[in-house]
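2 protein chains.
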Amino acid sequence: MSSFFQGLYGERVKDLRPSPIREMLHLVRRPGIISFAGGMPDPEAFPVELFYQAAGIIKSQGKDVLQYGTTEGYAPLKDFLIQWTAPRMGRKLEHDEMLITAGSSQVSDLLCWALIDKDDLILMEEPSFLGVFLNMHNHGAKFLTVPCDDEGMMVDLIPEKVERAQREGKKVKLCYTIANFHNPLGTTLSLERRRKLIEYAHRYGFAIMEDDPYGYVRFEGEHLPTLFSLDDRGVVIYAGSFSKILAPGTRVGWCCGHKDIIRKMAIFKQGVDVCTSLVAQAMVYEYCRLGHLDSFLPKIIDHYRKKRDAMEDAMRRHLPLEKLHWVKPQGGYFYWVKMDGIDCDRLFQVAVDKQVAFVPGKAFYPNRDGGDQEIRLCYTFASPEQTDQGMRRLGEAMREMIR
Amino acid sequence: MSSFFQGLYGERVKDLRPSPIREMLHLVRRPGIISFAGGMPDPEAFPVELFYQAAGIIKSQGKDVLQYGTTEGYAPLKDFLIQWTAPRMGRKLEHDEMLITAGSSQVSDLLCWALIDKDDLILMEEPSFLGVFLNMHNHGAKFLTVPCDDEGMMVDLIPEKVERAQREGKKVKLCYTIANFHNPLGTTLSLERRRKLIEYAHRYGFAIMEDDPYGYVRFEGEHLPTLFSLDDRGVVIYAGSFSKILAPGTRVGWCCGHKDIIRKMAIFKQGVDVCTSLVAQAMVYEYCRLGHLDSFLPKIIDHYRKKRDAMEDAMRRHLPLEKLHWVKPQGGYFYWVKMDGIDCDRLFQVAVDKQVAFVPGKAFYPNRDGGDQEIRLCYTFASPEQTDQGMRRLGEAMREMIR
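Chains U and S, in that order, give the protein sequences. Residues in the first sequence are numbered consecutively from 1, following full-length UniProt numbering. Residues in the second sequence are numbered consecutively from 1, following full-length UniProt numbering.
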């Protein structure tokens with residue numbers, strides 16, 4: 001039976017694209033499969049006992065935290081974040097420069113609500129995080145993509161691209177970037193490129209969304225200054241998240257930016273979901289207040305450093321190195337592997353038959369025109385034993401395809 | 001300093017309307033003020049201890065519930081809801097007919113994502129719930145309003161209105177209705193009108209969103225069949241919420257409908273917020289599994305019946321009855337008071353000076369063309385003593401204006 005709704009759908013349904021990763025979640029939970037697909041934290045690295053302790057705030061503050069909250073966010077959590085983020089932000093933020101959101105996904109949704117009209121352009125690293133660009137696509141945005149090398153976005157290409165677009169009468173409203181431990185590339189934007197990106201934003205009048213879910217998960221080397229801290233004109237909206245430094249099941253994130261854009265985003269949020277789950281915000285706050293964020297984060301980082309190393313070892317042990325190129329990431333969740341002469345879709349089929357999964361690279365191309373011979377591997381989820389076993393299977397799959 | 005963003009805002013910002021109720025939250029939390037404004041539950045009616053007990057699921061299932069969840073919702077919670085809602089839905093739903101959402105606000109947001117193009121029409125009760133229509137307005141919808149009497153929406157007016165709109169080439173996509181204990185009216189749509197509304201939806205090809213946050217909070221009389229259960233063609237999307245039967249701070253709601261529209265809404269949700277807070281969903285589930293929803297709900301209903309009665313008494317005691325008309329609600333949260341010759345905005349100023357707040361009626365008119373002499377009073381939040389004191393102040397304010 002054809003559904004009653006077929007005749008009612010709006011324009012946005014016509015080119016609606018499901019997230020390949022979200023769709024894959026069902027597949028990769030199949031028993032026996034080893035998954036390097038979803039960017040999921042290791043459940044073994046969740047501070048279960050400490051977070052349960054933080055749930056005590058329900059008992060002590062239940063009358064407040066079971067109530068509706070203000071759309072802008074739970075004030076004690078904002079107070080904490082203002083202190084905690086000050087070193088990265090370059091200063092202590094004001095309350096009206098910060099909004100608590102339903103994960104950092106909601107930051108780009110609200111930003112699009114405020115900025116994007118149909119066919120407006122967004123500068124995107126290519127490849128980029130698909131969860132965000134699928135939502136931007138739903139908002140009617142088009143993508144002006146910037147290629148990346150081992151240092152991240154090749155920002156020197158921006159002026160020519162923006163100038164051409166502006167000559168054609170198009171509006172470049174926003175640049176979306178994951179400057180630290182990029183998803184899916186694993187790369188980190190150099191300081192020089194950060195400064196240039198800010199300069200171009202000022203020159204051409206576009207805003208920057210600095211999405212930084214992985215920034216605190218650095219295994220070695222020094223933190224680079226955030227784009228937010230390098231900017232003196234309020235063009236950067238910084239998005240943070242508890243998903244990778246605590247647990248994604250909370251769905252609590254935040255963003256910082258000029259009070260004018262934060263205010264607009266908050267008004268759109270009033271209609272979208274009223275406020276972020278106050279119970280979840282309160283538990284996250286209590287976890288932070290008790291000192292667990294600072295005490296447990298080094299354990300998470302250490303845990304994932306070992307996993308990154310285990311994957312590097314397993315890749316070197318099992319994969320056909322002569323056909324592959326990758327850069328060892330200094331933090332974050334992902335390896336991005338470029339393959340010479342191996343089609344990622346066909347590899348995916350062979351690999352899944354062998355009970356190992358990854359995300360085909362083409363899923364990360366906003367304009368769907370690349371990534372045929374690239375794959376993303378997440379090293380945080382599988383155990384070291386699974387990683388070794390999974391890489392063995394993946395190596396077999398690759399060799400079958402080379403033959 | 002004018003913000004950098006002024007030049008970047010999209011069309012949707014130009015007529016962006018903040019929610020008067022959300023904006024008022026700051027005001028009504030001022031010490032000393034008695035608020036009948038926000039539709040807030042009584043914190044005294046939160047099952048704090050029982051919900052804290054339910055937080056035990058973090059300890060026992062932390063590795064699962066701190067992780068990302070599927071966008072469609074936490075499967076055990078859906079299993080529970082499928083059983084629990086069956087009497088109201090008329091049957092047990094399938095999993096793919098249900099989506100867990102960030103409160104029922106998100107239901108209308110996702111539905112608009114799927115259905116609404118700019119200038120599409122939505123049939124709305126007038127007055128109606130502003131949180132929903134402000135979001136619909138942001139989506140570009142226009143409103144075809146239907147007046148209400150003491151039995152709710154005057155559905156007999158629908159054919160003429162829809163036929164005229166269709167003759168003008170406009171698309172009527174959706175009818176939004178709160179059939180039980182309407183916000184702000186407090187009215188309940190009669191069975192006869194429910195049947196007619198379904199008939200018109202079939203005849204004219206529009207969908208119905210049946211928003212039912214208050215349906216389970218009935219003080220007396222018999223439940224009427226849901227629109228969902230009266231419909232045999234899958235045109236109704238039913239929205240439920242834990243906000244009024246447990247606690248709004250969870251931000252957990254759900255919707256039921258044809259699997260085709262539910263699937264589309266889920267894909268939009270992938271981009272909007274990935275999934276509803278899994279920790280919050282899990283605690284709500286555990287609360288239900290332990291039997292607390294069924295055991296505690298009668299206490300909530302009893303509590304609010306007494307508060308409704310306290311407000312009825314206080315209104316009769318303190319207000320200038322000769323100038324007022326209202327209907328005693330059989331459930332829900334609200335009184336809607338029509339005043340003869342008293343301007344609600346001016347009354348609001350005088351009342352706030354006297355430390356009592358309500359929501360001026362005009363806030364609830366989707367097309368901003370009515371409600372000048374109407375106000376909404378919420379009876380659930382204030383204590384009986386506050387209600388008496390607040391009504392005394394409100395009565396004084398009204399009498400000052402009549403003089």
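Hints were generated in silico from the structure; no laboratory data involved. Mixed in with the good hints there might be a few duds.
Identical copies go unnamed one by one, so any copy, or any two together, can satisfy a pair.
With a straight-line cut-off of 25 angstroms between C-alpha atoms, the simulated PhoX-like cross-links for lysine-lysine are [said to hold, decoys possible]:
no., residue 1, residue 2
1, 63, 299
2, 171, 161
3, 118, 171
4, 92, 306
Exercise. Is it within a copy, between copies, both, or neither that the alpha carbon of residue 63 lies no farther than 25 angstroms from that of residue 299?
Worked result: The answer is between: 16 angstroms across copies meets 25 angstroms, while 34 angstroms in one copy does not.
For this session: Pop the pair residue 92 and residue 306 into one bin, within, between, both or neither, using alpha-carbon distances up to 25 angstroms.
Result: For residue 92 and residue 306, the Cα distance exceeds 25 angstroms both inside one copy (34 angstroms) and across copies (48 angstroms).
For this session: Go through the copies and call it for residue 171 and residue 161: within, between, both or neither, with a Cα cutoff of 25 angstroms.
Result: Intra 12 angstroms, inter 39 angstroms, cutoff 25 angstroms: intra-copy only.
Problem set entry | residue 118 and residue 171: within-copy, between-copy, both or neither at 25 angstroms Cα | both (10 angstroms within a copy, 21 angstroms between copies)
In summary, the structure is inconsistent with hint 4 from the numbered list given earlier, while agreeing with all the others.
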